[in-house]
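As you go down the protein sequences, you meet chains A and B in turn. First residue of the first sequence: 1, per the working numbering; consecutive thereafter. First residue of the second sequence: 1, per the working numbering; consecutive thereafter.
Keep in mind the hints are simulated off the structure, nothing from the lab. Just to be clear, a hint being listed does not mean it is correct.
One copy or any two copies: either way a pair holds, since identical chains are not told apart in the list.
[What the hints assert, rightly or not] Below, a list of computed lysine-lysine pairs in the DSSO-like style, where the Cα atoms sit at most 30 Å apart:
1. LYS419 <-> LYS339
2. LYS45 <-> LYS421
3. LYS23 <-> LYS168
4. LYS23 <-> LYS249
5. LYS289 <-> LYS170
6. LYS23 <-> LYS254
7. LYS222 <-> LYS91
8. LYS289 <-> LYS222
9. LYS370 <-> LYS254
10. LYS289 <-> LYS182
11. LYS289 <-> LYS249
12. LYS2 <-> LYS170
13. LYS339 <-> LYS370
14. LYS222 <-> LYS370
Note that the structure is predicted; figures quoted are calculated from it, not measured.
There are 2 protein chains.
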Amino acid sequence: MKIAIVGLGTVGSGVAQILTTHKARTAARTGTNIDIVHAVVRDLKKPRDCDLPSSIVTDDLAVLNDPAIDTVVELIGGTTIARDVVLTALKNGKNVVTANKALLCVHGDEVFRTARELGRTVCFEAAVAGGVPIIEAVGQSLASNQVTSLEGILNGTCNFILTEMFLKEKTYNDAVRLAQEKGYAEADPTMDVAGTDAAQKLTVLVRLAFGLRISTDDFLVKGIDSLTLTDLQQAAHLGYRVKLLCTAKLHGDKLELHCQPTFIRREQPLADVDDAYNMIELHGDAVGKTWFSGMGAGQMPTASAVVADIISLAVGRAQLTFPRLTLLEESTGITILPKEEIQRRFYLRFSALDKPGTLSRIANVLGEHKISISSLIQHDETLGPPTPSTDDESYVPMVIITHLATEGQMLAADKDLAKLKCLAPPHVRLPIRD
Amino acid sequence: MKIAIVGLGTVGSGVAQILTTHKARTAARTGTNIDIVHAVVRDLKKPRDCDLPSSIVTDDLAVLNDPAIDTVVELIGGTTIARDVVLTALKNGKNVVTANKALLCVHGDEVFRTARELGRTVCFEAAVAGGVPIIEAVGQSLASNQVTSLEGILNGTCNFILTEMFLKEKTYNDAVRLAQEKGYAEADPTMDVAGTDAAQKLTVLVRLAFGLRISTDDFLVKGIDSLTLTDLQQAAHLGYRVKLLCTAKLHGDKLELHCQPTFIRREQPLADVDDAYNMIELHGDAVGKTWFSGMGAGQMPTASAVVADIISLAVGRAQLTFPRLTLLEESTGITILPKEEIQRRFYLRFSALDKPGTLSRIANVLGEHKISISSLIQHDETLGPPTPSTDDESYVPMVIITHLATEGQMLAADKDLAKLKCLAPPHVRLPIRD
Chain A
1 MKIAIVGLGT VGSGVAQILT THKARTAART GTNIDIVHAV VRDLKKPRDC DLPSSIVTDD
61 LAVLNDPAID TVVELIGGTT IARDVVLTAL KNGKNVVTAN KALLCVHGDE VFRTARELGR
121 TVCFEAAVAG GVPIIEAVGQ SLASNQVTSL EGILNGTCNF ILTEMFLKEK TYNDAVRLAQ
181 EKGYAEADPT MDVAGTDAAQ KLTVLVRLAF GLRISTDDFL VKGIDSLTLT DLQQAAHLGY
241 RVKLLCTAKL HGDKLELHCQ PTFIRREQPL ADVDDAYNMI ELHGDAVGKT WFSGMGAGQM
301 PTASAVVADI ISLAVGRAQL TFPRLTLLEE STGITILPKE EIQRRFYLRF SALDKPGTLS
361 RIANVLGEHK ISISSLIQHD ETLGPPTPST DDESYVPMVI ITHLATEGQM LAADKDLAKL
421 KCLAPPHVRL PIRD
Chain B
1 MKIAIVGLGT VGSGVAQILT THKARTAART GTNIDIVHAV VRDLKKPRDC DLPSSIVTDD
61 LAVLNDPAID TVVELIGGTT IARDVVLTAL KNGKNVVTAN KALLCVHGDE VFRTARELGR
121 TVCFEAAVAG GVPIIEAVGQ SLASNQVTSL EGILNGTCNF ILTEMFLKEK TYNDAVRLAQ
181 EKGYAEADPT MDVAGTDAAQ KLTVLVRLAF GLRISTDDFL VKGIDSLTLT DLQQAAHLGY
241 RVKLLCTAKL HGDKLELHCQ PTFIRREQPL ADVDDAYNMI ELHGDAVGKT WFSGMGAGQM
301 PTASAVVADI ISLAVGRAQL TFPRLTLLEE STGITILPKE EIQRRFYLRF SALDKPGTLS
361 RIANVLGEHK ISISSLIQHD ETLGPPTPST DDESYVPMVI ITHLATEGQM LAADKDLAKL
421 KCLAPPHVRL PIRD
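My request is simple: use the sequences and hints to build the entire structure.
The following block contains the structure:
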């Protein structure tokens, strides 16, 4: 089997390392030798973390037309050159391995349709949750099930930032800086912290598990960039941890779908996932609850998934599986539950004017929207000191936990709460996973 | 695809239910219809939990010779008739799906060799950890790795009993009775509580992950049948939970191997697995740490795994994978670390005579065997009341945590401690997983 790797960054170098260091192992497990015959890079002068002979490293994408190649491994990321590389490879009769969730989220239809039409295979285990073999679990191991719900911590960078904030009492900015130093976060961390990366992974899982082709615009996506240590600590006082949680849950033929920072009860496995680890909790109608966890990112965990795909192609498994995956369904009968109908409990935090009447005004607004209060915390030392105000009035932090309410009720209440003069920003609202 | 199911007990009925209820689903995921054409049972009169036409249910194993059958699904358990069924099926040109860990542990060489020689495939996802797809994970998803350690809670019944004891403060006997009422434990629970079932599953995983063909006699196996609530509570006071833990851990080319009740630190995922759930923590040289968890037993979780194997055969994946698994290696270079050399910290609990000199005698014995004490708890109310003795001397419970010591040192010390007149039974010793 002869492969070309496009992109020798962190993951690409890791793939090259595994394939060159463990040649005998992969040969034993595939019955064939896997040779890297081309490695395409943008900058030939950049030093690399792998031991490939310079003769096979090139900056010319034309080598992908080499008829000797069976498989193109796309590891450059992004949705422009990567799209060209993948589509060209498929048209040239190659199978493709990719770790690119953005490509599959944005151009999934085109990529998968091209592959199907040309009888080629696209493998994408590494595109979701790095070293956690969740694509294979959904597509193969649990194929006897209808997945009924799928919840996951899918962005290792966000999870690292939240862990640092909570366990080390860091500010959001300090935690982001450390994530950058450790190589978890990009110089511009927006894709991670705004929730886009996790939401893109969720679209790939939803396509696979529910046959639904969606974009990140089709559901509620919020990031971790406005979270404060106070909220993480309040969550802990109330028996929860805050995680950036992706959710796809079937209610009849409606799919509840969102990606946002969420209170998760401490006893739940998802609450205990720290650092850059990912976890998916998957519920199948036969198997019940299952959990899959491992490193969500990083050189070797992601490379491990890429090489698993290469091995699967070498053995011939992937070619049998790919045509059977629900990637291009025209109609599954399942539709997305409108976000206004998503029903949960909520955590609200306000800065409230420390005067009689404030609470009744807030309670009034919530009552008008038929949102009932489950508990309220005010004047509590765990909430930190009051905020002095310019007009000599003091604002105190207040936390409210609601009973079940819909996102629609909350959105309407948000607007009316914003008009209250007795409340100062921030106005924090986080959903609770019970 | 035409299959015969042998055994329509709990799991067999579940398999029939999935295949009959979700015919369209399995057809979509395999591209073929899967038909049950024979179901062999011991007692035709017994009422069954599935909807198979009586015309296909028989008590005659001769139907397995039917040339129309592709696949025989063995779900009767045991190592006698099951062995005949499986070997006959293979010889008749059928592929085999089995959930029988005892068969694979005891007759694995014969079963796997026969299949290989005849070009047939044996699938056994359901034999280990029920609904947790750990066989596929080791054999496929993580095939780019050398597994370096594998630790698991592999017996749902034991885990249920330990959970009931600890969380509900039940005695061992009461917890076993409840496990029997719930259908988790057999009338004779020995295979589960003595650790045999978990150890058999460990041998299957070790064969797959390390290419080592071993029997349960080759390593340390202890059950949960002598555990008391006191020890589980002491573990909690010290920050641990007690679980029946199976371990296979590579040190160079030596494999540390054991299955026994073990203290697991509370923050570790393995410590938090409750009820009949299973979990495997697997460390691969590329992927790092991964965790797989789900129901370890029960009708539908196990049936889910059996049907996943049937689907894999229908698609043709299993036939490609099976010949590449390390099931019959002649030499891997890996050997079992002698149990005397296994090094851990230990929890010791004694009934000690409440007189001066007792502690120094115990410390002396441990010191002679070069075992040093990390901490000691005595006269603590968490340990319960002193035991009155016939000769008016009172015995008080004492707990010692050692520093690292080998099993060999501890075995030698056990003998000398047993001779001390200042100690009365029980003499409890449990390893600590740090």
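Here is how each hint holds up against the structure:
In this homomeric assembly, LYS419 and LYS339 come within 30 Å of each other (Cα to Cα) only inside a single copy, at 23 Å, whereas the closest approach across copies is 71 Å. In this homomeric assembly, LYS45 and LYS421 never come within 30 Å of each other (Cα to Cα): the closest approach is 60 Å inside a single copy and 76 Å across copies. Within a single copy, LYS23 and LYS168 get their C-alpha atoms no closer than 42 Å, and across copies no closer than 52 Å, so neither meets the 30 Å cut-off. Within a single copy, LYS23 and LYS249 get their C-alpha atoms only as close as 42 Å, which misses the 30 Å cut-off; across copies the closest is 23 Å, which meets it.
Taking identical chains as interchangeable, the C-alpha atoms of LYS289 and LYS170 lie at most 30 Å apart only when they sit on different chains, with a minimum of 26 Å there against 34 Å within one chain. When the C-alpha separation of LYS23 and LYS254 is checked against a cutoff of 30 Å, the pair qualifies only between copies, where the shortest distance is 23 Å, while the shortest distance within a copy is 47 Å. Proximity of LYS222 to LYS91 under the C-alpha cut-off of 30 Å is found in neither arrangement, the shortest distances being 37 Å within a copy and 59 Å between copies. In this homomeric assembly, LYS289 and LYS222 come within 30 Å of each other (Cα to Cα) both inside a single copy, at 26 Å, and across copies, at 29 Å.
With identical chains, the CA atoms of LYS370 and LYS254 are at most 30 Å apart within one copy only, with a shortest distance of 24 Å there and 65 Å across copies. When the C-alpha separation of LYS289 and LYS182 is checked against a cutoff of 30 Å, the pair qualifies only between copies, where the shortest distance is 19 Å, while the shortest distance within a copy is 34 Å. Proximity of LYS289 and LYS249 under a CA criterion of 30 Å is satisfied in both settings, with 13 Å inside one chain copy and 27 Å between copies. Taking the closest pair of Cα atoms, LYS2 and LYS170 never come within 30 Å of each other, the shortest separation being 48 Å inside a single copy and 61 Å across copies.
When the C-alpha separation of LYS339 and LYS370 is checked against a cutoff of 30 Å, the pair qualifies only within one copy, where the shortest distance is 18 Å, while the shortest distance between copies is 65 Å. For the identical chains of this complex, LYS222 and LYS370 are intra-copy neighbours only, at 25 Å inside a copy versus 58 Å across copies, given an alpha-carbon limit of 30 Å.
Hints 2, 3, 7, 12 from the list above are not met by this structure, while the remaining hints are.
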